[in-house]
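Peer 1: Start from chain F and add chains H and G according to the hints.
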Amino acid sequence: MRFLLREIRHNPLLWLLAFVPVVFVVAKVWPASHTLLFLLSVLAIVPLAALLSRATESVASKTGDAVGGLLNATLGNLTELVIALAALRAGEYMLVKASIAGAIVTNTLFMLGASFLLGGLKHHMQEFNRVSARMQAGLLFLATIALLVPSAVSGADATAGSAFTQKLSVGLAVLLIAAYALGMLFSLKTHRELFGSESHGEEGEEPWPIKMALGTLAGVTILVALVSEIFVESVQEAAVVFGMTQAFVGFIVVALVGGAAEMASAFSGARKNRLDLSVGIALGSASQIALFVAPVLVLLSYVLGPAPMDLQFWPGAVVMMLIAALTASLVTNSGRSAWFVGVLVLMVYFIFAMTLYLLPPGERQGSNINATTEKASR
Amino acid sequence: MRFLLREIRHNPLLWLLAFVPVVFVVAKVWPASHTLLFLLSVLAIVPLAALLSRATESVASKTGDAVGGLLNATLGNLTELVIALAALRAGEYMLVKASIAGAIVTNTLFMLGASFLLGGLKHHMQEFNRVSARMQAGLLFLATIALLVPSAVSGADATAGSAFTQKLSVGLAVLLIAAYALGMLFSLKTHRELFGSESHGEEGEEPWPIKMALGTLAGVTILVALVSEIFVESVQEAAVVFGMTQAFVGFIVVALVGGAAEMASAFSGARKNRLDLSVGIALGSASQIALFVAPVLVLLSYVLGPAPMDLQFWPGAVVMMLIAALTASLVTNSGRSAWFVGVLVLMVYFIFAMTLYLLPPGERQGSNINATTEKASR
Amino acid sequence: MRFLLREIRHNPLLWLLAFVPVVFVVAKVWPASHTLLFLLSVLAIVPLAALLSRATESVASKTGDAVGGLLNATLGNLTELVIALAALRAGEYMLVKASIAGAIVTNTLFMLGASFLLGGLKHHMQEFNRVSARMQAGLLFLATIALLVPSAVSGADATAGSAFTQKLSVGLAVLLIAAYALGMLFSLKTHRELFGSESHGEEGEEPWPIKMALGTLAGVTILVALVSEIFVESVQEAAVVFGMTQAFVGFIVVALVGGAAEMASAFSGARKNRLDLSVGIALGSASQIALFVAPVLVLLSYVLGPAPMDLQFWPGAVVMMLIAALTASLVTNSGRSAWFVGVLVLMVYFIFAMTLYLLPPGERQGSNINATTEKASR
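As given, the protein sequences belong to chains F, H and G, one line each in that order. Position one of the first sequence corresponds to residue 1 (this note's numbering), numbered consecutively onward. Position one of the second sequence corresponds to residue 1 (this note's numbering), numbered consecutively onward. Position one of the third sequence corresponds to residue 1 (this note's numbering), numbered consecutively onward.
Chain F with its partners taken away, still in its complex shape (with noise of 0.2 Å):
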């Protein structure tokens, strides 16, 4: 308790926490104001997923930057996990998949766009490690192939929900995951010395106590998926009010509110002039996401969900993450950054968010959402 009372000394996001309770006690009271409990929801998210983060961080500490990179990512990615997971048991499948693929995304494009924009205005040139950038590219672009080729081979209009499409899912989902652990196997340990850090600025803050690590991470997790679930409930609504698409939430806001932690890391990483490290979140995130999260969440729709969840996207959410992870690839090439790489990947960023904003809810993807929601609750 003391650590955590100057935890929050040291970091003002934590004050933050007070919402937690707030949020508890408003869903109980008045269970009907969407709108308030969503904003809640979201103040309470923040925090929790910074605590997460930090303890993670702790965990950390003492390897490589590009294998704590990884770790950082892959308990990073609980807060994003717990929230797909209750909307998988509320049927939401149209919002498990466009958190999932909005996360992805965001982290490829918003996060690693604004490490680069923001350590580039502090430092002229500077380098990461592309072996370890490159693996995750690799890997983001095998699991956008495996979420393409299924709809491009069967033709685009194949019937959601056939047998075809179940029995595929849950063949490539396994795929995935064997994928994803060879990649760890690959990255920490038989090419171990290959992911080690290129540059190194100055240390970051004083680790805790693994016990206390631990812990933390127990009990903050069983929070998170509390508000979770209350976050689910109000958001839809919420949009409406707020005059957003489904589209729009489920891709931006969702996956930003559950990345806000990590991206916190990932740019104080980037101004510390250790690229490696906000390259590791930002593209590790991403790749385990869409290897791991993705995949257990087909997998887990078989025992929580009302029924089986596929790997089918909408079309448009395949284009988006095929471009971030071509972007990805193409600006990690070169090991070396500078600000306007940056700005480069938040454009195409911006232009993903703009055009989900300004789609009319009623188009045809709507439709196709509508038609997958509607599967969920057969």
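Note that these hints are calculated values from the structure, not bench results. Yeah, the Cβ is synthetic: ideal placement off N, Cα and C, and Gly gets one too. It cannot be assumed that every hint is accurate.
Said to hold, decoys possible - Which stretches of chain G does chain F cover? Using the computed rule of at least three CB atoms under 8 Å from a CB of chain F, they are:
| id | region |
| --- | --- |
| 1 | 317–331 |
| 2 | 340–351 |
Said to hold, decoys possible - Computed list of lysine-lysine pairs in DSS-like fashion (alpha-carbon distance at most 25 Å, straight line):
| id | chain 1 | residue 1 | chain 2 | residue 2 |
| --- | --- | --- | --- | --- |
| 3 | G | Lys122 | F | Lys189 |
| 4 | G | Lys189 | H | Lys122 |
| 5 | F | Lys122 | F | Lys272 |
Peer 2: Chains H and G only, in chain F's frame:
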């Protein structure tokens, strides 16, 4: 005037200036002889564009190759801008879009490919500054994403000209211009040192005095504008006579005519082993059209055109621009070139040209184009 | 004959030659037992392809690895060409196209990926000549553009077999063959020095005398042609028995059978740390099929087939070829390889194979294929 005469003696292309008065006379006397007017206006635009280009080179002569190339491309595209403005005022939005897409593809593939080939036939292996090439290819890639995403995300059948498309087009236009401006800031100011030249050959021609150069720039631009109006009026009818599809005329013929002068500079640079100059002109010109000319035309259509123009291109054009950007990215990645690289790039261009030439006019894509044209004349 | 016997003692695969007479006898006696004939013809083609390959290696043994790889690929594809010719003469255009696309994808992904994996399991990190790999990947990329553009530009629903598609296909075929010929000129003549080997391992087997090699080449080619006819006749019926879709048979089974011998060479090269040889065989073979075998088949269809064959593939096949070319481009870019690169490439292949295996036969893509088949039998 003395300068002009000396120029004409040096550059046989300028003899074609004699067609400038001829085209005006014919347009006055026989306004209905479209085929003749088409040929005459082509013959008149080429030397005018060459003069514009020569004047620009004079201004650019004191800077490095990469910066000179950028300047060259900026003002060299005056011809394209003026032609497109003439078509815009006539409400020929299909021609505007085809000429934009065509100019991007022609500069990226034909000008770059032929430079590599012509340079490679003389020099065994050529090097160029790949930082500069990479940035231009990155900008081009960004622009094609901006053109691709709206139609991919909203579904291919989104009704063109809807409120969604209009709002999105204006937003994208602003984003693209911002990215272009930041790119200039980057390459000309904050990271100028990266854009120096790799290799130097012999010196170019003697530059004009600055006053003379600026005067020529102003006067010739007005002449190009006047001839362009005649060109735009006659090109459609002439296409029918020559048995060419509208798509082929807009993509290939207009782009080759508008870019003739820049091509002369790029090819001459390649022969003199100043491949930095060639790559700078080709990719700089393409990215300038995509990120500056096209968005400016969208914004100007609110003032000058009969109806707002959007940024939605027909899918075939988007695919060609995307492939062109990807090809440029792949071939400039190594910073080295030999003749076969030029062959590969030219082959891609020939595939496009042949497809457009053979395309039956009554096909589905034709009706799309017509729909766009009709929209403008609402 | 003594040579042949010694070969058989060295290479256990050649024991399968015993099936060559068996398949002819069974085809004579029980012409309707398709499943048996399918299995027997597969078992007979594999050792014949190995003999062809061995004879080619003997010819190539005096040249460098890259040139040897090219030669190897050129003649190694005799098997594929002969099988495709048998299908062409039978009017089975769907099978011809599926086997072309499948051979490209299988060589690019399975052969390359398995070489990387097998080599990487023995050697920690392997290097190869990336100039050569880049050129092959560039040629492959060009070929996929040639296959992609016509359908993208004319709209996906362009009626296959129209005059437009026919004329375009002939034009593209000529362009592709020209690009292939110029590529040979480049790599074997003008820029030969770039294509030398990077690394050498132990020496290969003792080469055959040239006379013996050429004699084997001629005789075995005739045998392959005869067995291929039986294979083509039986493969469709056998597919039904084994519960495989037609697309899976054409793409995966035929490609693996046709390429078995080259794979043996490529894998053995990778184990001996001669990765130049493996990459040369895999990508050289893929680009040769795309730029030489496929166009030649189009041109030959005017002479040998019941109707002209075009170059229009079903969209799923084009997507797979495009992804294969892009993957090859990305992974060979660095000129270095470790086992995980092989895993990534193989995973892409497994995604394709699984999708094709699970594809329901009655789907939309199936009807496309039938439309193509019907066209041939008009």
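Peer 1: Against this structure, judge whether each hint is valid.
Peer 2: Evaluated hints:
Counting residues of the region 317–331 of chain G whose CB falls under 8 Å from any CB of chain F gives 6; the rule of at least 3 is met. Look at the region 340–351 of chain G against chain F: 8 of its residues bring a Cβ nearer than 8 Å to a Cβ of that chain, three or more, so the hint holds. Only pairs whose Cα atoms come within 25 Å are accepted, and G/Lys122 paired with F/Lys189 is accepted, the gap being roughly 16 Å. Annotation: proposed proximity of G/Lys189 to H/Lys122 holds, straight-line Cα distance about 16 Å (limit 25 Å).
Taking the CA atoms of F/Lys122 and F/Lys272, the gap is about 9 Å. The hint holds against a cut of 25 Å.
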